[in-house]
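Residue strings, one per chain:
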Amino acid sequence: MEQVVISKAELPLFLDALREEYLVFAPRKVGAGDVVFDRLQAGEPIAFDFVNTLLPPKSLFFPARETLFGIRGLKRPVLAPPPEQEPLAIFGLRSCDATALAFLNRFFGQRGFDDKTVTARVRSALKMTLACHAPGPDCFCVCCEGGPFLASGFDLQFTDLGERLLVDIGTPNGSAAVEKAPARFVAATAEDRAKKRALVEQVDRTFQRRSYIAGGMKSVSLGKIPEEVWQAWAADCQGCGGCCFVCPTCSCFTVTDAWRGEEAAERERSWDACLYEGFTREASAHNPRLVRAERLKRRFFHKMSCQYVEVMGRHGCVGCGRCVTVCMGDLDISALLTRIHDECK
Amino acid sequence: MSASSIYQPQLSAIARIEDETPDTRTFFLAADAVGWRKDYRPGQFVELSVFGVGEAPFCLAQSPTRSDFIEVTVRRVGSVTNRLHTYQPGDIVGLRGPFGNCFPFERARGKNLIFVGGGIGLPPLRSLINYVLDRRSDYGSVHVLYGARTPADRVYKKELAEWARSDQLTFRETVDSADRAWTGPVGVVTELLKGMKVDPSSTIAFTCGPPIMLRFVVRELRNLGLADRNIVTTLERYMKCGIGKCGHCCVGHQYVCTDGPVYNFEQIRCLPEHP
Chain A
93 MEQVVISKAE LPLFLDALRE EYLVFAPRKV GAGDVVFDRL QAGEPIAFDF
143 VNTLLPPKSL FFPARETLFG IRGLKRPVLA PPPEQEPLAI FGLRSCDATA
193 LAFLNRFFGQ RGFDDKTVTA RVRSALKMTL ACHAPGPDCF CVCCEGGPFL
243 ASGFDLQFTD LGERLLVDIG TPNGSAAVEK APARFVAATA EDRAKKRALV
293 EQVDRTFQRR SYIAGGMKSV SLGKIPEEVW QAWAADCQGC GGCCFVCPTC
343 SCFTVTDAWR GEEAAERERS WDACLYEGFT REASAHNPRL VRAERLKRRF
393 FHKMSCQYVE VMGRHGCVGC GRCVTVCMGD LDISALLTRI HDECK
Chain B
34 MSASSIYQPQ LSAIARIEDE TPDTRTFFLA ADAVGWRKDY RPGQFVELSV
84 FGVGEAPFCL AQSPTRSDFI EVTVRRVGSV TNRLHTYQPG DIVGLRGPFG
134 NCFPFERARG KNLIFVGGGI GLPPLRSLIN YVLDRRSDYG SVHVLYGART
184 PADRVYKKEL AEWARSDQLT FRETVDSADR AWTGPVGVVT ELLKGMKVDP
234 SSTIAFTCGP PIMLRFVVRE LRNLGLADRN IVTTLERYMK CGIGKCGHCC
284 VGHQYVCTDG PVYNFEQIRC LPEHP
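As given, the protein sequences belong to chains A and B, one line each in that order.
Counted the way our numbering counts, the first sequence spans residues 93 to 437.
Counted the way our numbering counts, the second sequence spans residues 34 to 308.
It should be emphasised that the hints constitute simulated quantities derived from the structure, not laboratory data.
All values derive from a computational prediction rather than experimental measurement.
Yeah, the Cβ is synthetic: ideal placement off N, Cα and C, and Gly gets one too.
Keep in mind that the hints are not guaranteed to be accurate.
Footprint (simulated), chain A over chain B, 3 or more residues, beta carbon under 8 Å [said to hold, decoys possible]:
id, region
1, 47–56
2, 83–95
3, 286–292
Full structure from sequences and hints, please.
Have a look at this one:
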């Protein structure tokens with residue numbers, strides 16, 4: 093893989109120039125200090141010192157709510173698609189989130205129905221990842237093939253070497269962006285490469301969790317977890333759906349018609365959560381997943397069963413740790429999977 | 034083509050509406066603008082939009098070998114169906130589809146067929162029944178058994194009368210509770226199965242109806258010697274997209290909208306959760 097280097101001081105010049113072709117987003121510190129992916133305007137500072145953004149960047153590709161088409165006249169309708177979106181360039185994607193984007197792209201493109209509302213955005217985006225130096229207490233990407241450094245799944249992978257950034261060029265798209273850049277990219281030296289290698293080894297040792305994901309997956313796939321265990325976990329689960337919304341691979345949605353005056357409406361797609369009671373409730377009021385334990389089981393099965401690996405090529409967790417962070421019932425998927433392996437043989 | 038066209042339905046005008054029961058109507062939808070008029074298979078479904086309220090899945094109720102319309106039979110239950118029942122001929126709905134797999138009508142060739150329908154579960158079976166009747170020589174004997182709550186709840190009353198007269202199939206029906214005019218049998222539909230003489234090795238059964246009915250029908254069909262793989266049903270799930278994305282209809286790793294909705298009971302038995 094070709095490797096180049098850019099000084100941190102020149103990075104804004106590079107990102108600014110991308111704005112001619114792309115809507116550029118980067119992690120920025122906002123409000124009380126939260127780091128979020130925000131539209132980058134000229135000269136604005138980029139955040140480098142963050143573990144993970146509170147929300148994954150999936151909302152840039154699969155918004156929490158969006159209009160699928162407009163409707164004028166309800167019984168004699170005229171439908172209007174929304175305007176096309178400019179391609180995105182995202183700097184500072186974490187490895188786990190880039191892995192999740194590839195997962196979403198595969199999911200929305202499969203089954204003979206290519207949902208371009210998502211896939212066209214992912215495919216046209218310039219994905220610039222920022223490898224992780226300092227995993228947080230909830231991070232376990234290292235156990236999920238989700239990071240902290242990637243071998244593929246990015247256009248450009250940046251590694252922070254202090255004053256300089258080492259850049260792995262992953263695709264022709266990434267290569268073109270580097271070539272066109274007014275900023276100065278130079279070939280990486282042997283010393284730069286050695287620094288990165290040392291970093292990869294060092295970061296690997298700083299993870300505070302090691303989860304036995306494969307062991308837990310086996311129990312989930314074979315249905316070896318007793319009902320009492322699900323019920324105990326369900327007692328802690330508040331059914332808030334927070335884990336689904338912060339998850340970079342969760343993709344369930346609902347579709348509703350929102351009224352815009354008497355004779356007009358918009359068909360909207362918005363995020364939904366399998367932990368909600370209404371998620372499977374039919375018009376007849378019949379609900380195949382009436383109790384919370386069933387819904388929790390469902391979520392684990394979807395994320396962590398071998399049956400889904402067969403469909404998706406990998407399991408549905410990239411180890412970003414966000415669901416662990418937000419759960420008010422302390423349901424910690426990485427700890428639970430490890431425990432499942434120990435207790436549910 | 035816009036990125037969202039996969040969710041944007043084709044428009045279709047209601048050509049005709051027929052009352053089936055006090056709460057159920059069949060809508061005949063103009064197929065000319067839809068582009069797939071007869072190009073679907075029995076067992077498939079459509080996503081039907083009632084604009085301003087939403088979209089819901091409905092089985093295609095007629096065989097592709099018949100009718101110049103797309104037919105859906107709809108009971109008034111939720112918000113979409115309640116609004117649809119206020120629609121008149123000329124009003125326009127949206128259609129996406131056809132979606133899903135289909136009844137194994139190829140595998141059923143040469144076999145004896147038993148159809149067991151309950152109430153509003155008859156429409157999906159009807160698409161296959163009429164398909165089979167139009168290719169009658171491809172199949173062995175055909176039994177159609179239908180159960181409704183009351184005589185007023187029977188759908189396709191004219192067609193049921195034709196089936197009863199026809200020498201192409203054996204049609205028998207029952208109601209849970211009769212009115213004065215009813216002269217047929219009274220009882221649950223499984224009673225009609227009891228004592229039937231079937232050759233299990235050359236028989237396939239298709240059944241659709243409320244979950245409680247299905248349970249007893251399957252038990253009775255097993256008693257007659259049918260293997261689970263020869264007992265076929267079509268699953269109902271809450272569904273939004275119809276194309277394997279929204280996640281609502283999943284049972285285990287199966288997406289009922291794209292992997293189903295038609296399953297045999299061997300497949301259903303192997304699912305990690307009960308549908």
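Going down the list of hints, with the structure as the test:
Check on the region 47–56 of chain B: 0 of its residues sit with their Cβ under 8 Å from a Cβ of chain A, so the three-residue criterion for coverage is violated. Chain A is given as covering the region 83–95 of chain B, and this holds because 6 residues of the stretch bring a CB closer than 8 Å to a CB of that chain, at least three being needed. Residues of the region 286–292 of chain B lying with their CB closer than 8 Å to a CB of chain A number 3, which satisfies the three-residue condition for coverage.
In this structure, only the earlier hint numbered 1 is contradicted, and the remaining ones agree with it.
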